[in-house]
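Number of protein chains: 2
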Amino acid sequence: MMKSVGYAAQNATTPLAPFSFERRDPGPNDVVVEIQYCGVCHSDLHQARKEWGNSLYPMVPGHEIVGKVTRVGGAVKKFKAGDLAGVGVMVDSCRTCPSCKAGEEQYCDQGMVGTYNARDHKGELTFGGYSNNIVVGERYVHTISPKLNPAAVAPLLCAGITTYSPLRHWKAGKGKKVGIIGLGGLGHMGLKFAHSFGAHVVQFTTSLSKKEDALRLGADEVVLSSDAAAMQKHANSMDFILDTAAAPHDLNAYLALLKRDGAMALVGLPEVPPTVITGALAFRRRSLSGSIIGGMPETQEMLDYCGEHNIVADIEMIPIQKINEAYTRMAKNDVKYRFVIDMASLQK
Amino acid sequence: MMKSVGYAAQNATTPLAPFSFERRDPGPNDVVVEIQYCGVCHSDLHQARKEWGNSLYPMVPGHEIVGKVTRVGGAVKKFKAGDLAGVGVMVDSCRTCPSCKAGEEQYCDQGMVGTYNARDHKGELTFGGYSNNIVVGERYVHTISPKLNPAAVAPLLCAGITTYSPLRHWKAGKGKKVGIIGLGGLGHMGLKFAHSFGAHVVQFTTSLSKKEDALRLGADEVVLSSDAAAMQKHANSMDFILDTAAAPHDLNAYLALLKRDGAMALVGLPEVPPTVITGALAFRRRSLSGSIIGGMPETQEMLDYCGEHNIVADIEMIPIQKINEAYTRMAKNDVKYRFVIDMASLQK
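First to last, the protein sequences are chains B and G.
Numbering of the first sequence is given in the numbering used here, commencing with residue 228 and proceeding in unit increments.
Numbering of the second sequence is given in the numbering used here, commencing with residue 228 and proceeding in unit increments.
To be clear, the hints were calculated from the coordinates, so they are not data collected in a lab.
It is possible that some hints are incorrect.
The list cannot tell twin chains apart, which means a pair is met if one copy fits it or any two copies do.
[Claimed, not checked] Subject to a maximum C-alpha distance of 30 Å in a straight line, what follows is the list of computed DSBU-like cross-link-like pairs (lysine-lysine): (1) K374 with K398; (2) K328 with K486; (3) K295 with K403; (4) K349 with K403; (5) K328 with K305; (6) K575 with K304; (7) K328 with K398; (8) K486 with K398; (9) K460 with K575; (10) K575 with K401; (11) K328 with K460; (12) K486 with K403; (13) K349 with K460; (14) K559 with K374; (15) K438 with K307; (16) K549 with K398; (17) K486 with K277; (18) K559 with K304; (19) K328 with K295; (20) K305 with K230; (21) K304 with K438.
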């Protein structure tokens with residue numbers, strides 16, 4: 228077994244604290260990554276505090292991982308020691324169901340194996356990226372362009388692919404009018420991608436204090452969602468809306484902005500099931516859908532695209548010792564737009 | 228002006244009763260149809276009783292109209308006196324918006340002009356098919372195959388196209404597993420079409436008393452929706468579900484049956500906005516959508532398809548004098564599967 232150190236939640240109420248544990252020795256298909264940076268996703272907070280009810284302790288959160296490969300198994304082809312590598316939300320899946328075969332492993336019929344707070348196929352608890360190293364099968368490890376700031380790449384592994392994938396799936400590109408709801412960790416990436424794909428992008432926000440930032444990040448227009456007249460100007464006009472907001476909000480106000488055959492996809496996943504006015508769907512044949520992360524091939528495609536187009540997240544770097552404070556600030560949306568842990572701080 | 232007679236609701240509470248009124252003289256593009264049969268749609272009852280709040284009186288309901296052309300305007304090309312003709316849910320639209328130009332007039336940006344309970348572009352109230360004749364612009368009149376029973380064709384103009392269109396839009400054909408929720412006027416047509424298109428069809432019902440009928444109409448399987456184990460057998464397996472049920476029901480139980488990228492379309496339009504568990508959409512990238520009737524080209528395509536494949540509705544014929552009794556029975560779902568008024572009874 229390999230020795231690892233990190234920060235863990237021991238239960239739902241105490242702060243994250245230093246934790247020593249072991250990881251499996253790498254098998255022939257495994258890659259060992261020395262973690263340099265790990266993004267802080269809102270779901271880390273939900274899981275650590277058992278807000279989704281399915282938490283397993285001790286929990287080492289973190290699924291936006293970038294680091295250096297230190298060892299590879301004998302059958303590994305894509306990586307060698309010294310390469311930059313990324314690990315996202317999942318570290319395994321059944322590999323045999325139609326979704327896995329299609330490279331859409333995130334929709335695995337058996338359920339993906341999460342990077343943390345999950346049990347792997349041997350029944351062992353998985354531990355995430357708030358730690359010094361990780362051992363992952365090659366299929367679930369991505370190559371990273373050395374041209375990008377690796378710290379700012381880390382959030383691409385969750386916030387990036389979660390927005391890139393639906394924007395691609397629903398063809399949000401040139402000639403399309405695309406809305407982005409919410410300007411947080413997910414939203415700011417959705418905005419960057421939609422702009423980069425050539426869409427006309429309308430950023431919806433609950434606070435105009437974000438207007439300048441939205442314009443800087445690529446919005447063509449910024450709309451205050453509480454301004455009914457401003458909303459009405461976009462009625463029946465949008466091809467696609469990406470909804471990154473997790474706080475409860477009225478979906479019907481946005482569905483009304485879609486043109487015929489337009490689609491809205493939820494990636495923020497509000498916990499309270501929203502109500503849907505069925506006429507808002509039927510009278511323009513609009514669709515309401517949702518999406519989670521992306522498959523392994525598409526995640527690599529996204530990372531390659533970011534390398535070519537110089538796209539990374541806007542981040543605030545913290546040492547691991549500040550993680551509990553970062554959680555408190557994240558719960559108040561006080562971050563532009565993603566905390567990233569400098570894992571070198573673990574040594575201090 | 229042309230003299231017309233029919234049955235009308237004078238307000239929300241009194242029974243429908245005989246009513247004399249006038250229709251416009253036909254213009255150069257108009258077709259005059261002597262109505263032979265008119266289907267009785269559940270929305271007729273809702274509108275006559277002001278259950279949707281937007282009723283205009285006096286109201287002559289009826290938007291599933293089949294009859295004989297008696298006169299045509301000088302510019303009319305598709306029809307001549309003596310032809311069979313059909314009129315459905317709409318009699319006009321703006322003709323210039325993108326939806327109208329695309330032949331999807333039902334999604335007209337200005338709103339379609341309903342066959343009854345609407346105002347035409349001159350502000351005149353429209354009167355529907357519970358009457359002896361109707362004057363309609365050629366674009367909104369359909370040709371009918373003389374091979375079919377014209378009485379049983381009438382419901383195709385609403386129940387038929389309302390189910391045909393989404394089944395075509397979401398490609399419910401060979402190699403696809405398709406669910407139909409509800410076995411009433413809409414559902415029985417959806418079942419016939421899905422079967423005819425070559426899909427493997429699962430009929431969902433709240434009462435197994437309909438099982439034999441569902442099998443006769445083309446179902447490959449019949450599932451009692453309250454049987455959780457029977458429902459679970461279809462989890463993650465369906466490509467498309469057509470939901471024709473108007474009574475409140477749990478959409479999430481059906482969303483869970485869709486495979487990755489599967490879609491469910493609502494055409495029954497429950498009045499109480501249903502709640503949607505967002506994870507049920509996101510974790511398989513499923514879509515919830517809806518659809519109303521179909522455009523003029525597709526309605527003609529549907530009627531032609533029915534002529535080629537000998538598809539009509541299962542009907543119970545009534546004289547117009549029994550319309551109030553029929554409403555009472557329809558409200559209890561006591562009809563297999565559509566009442567059709569024999570308009571010759573008006574002369575008695």
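State the violated hints by number, sorted upward, taking the hints as numbered earlier in the document. Violated hints (numbers, rising): 3, 4, 6, 9, 10, 14, 15, 16, 18 and 21; every other hint is consistent with the structure.
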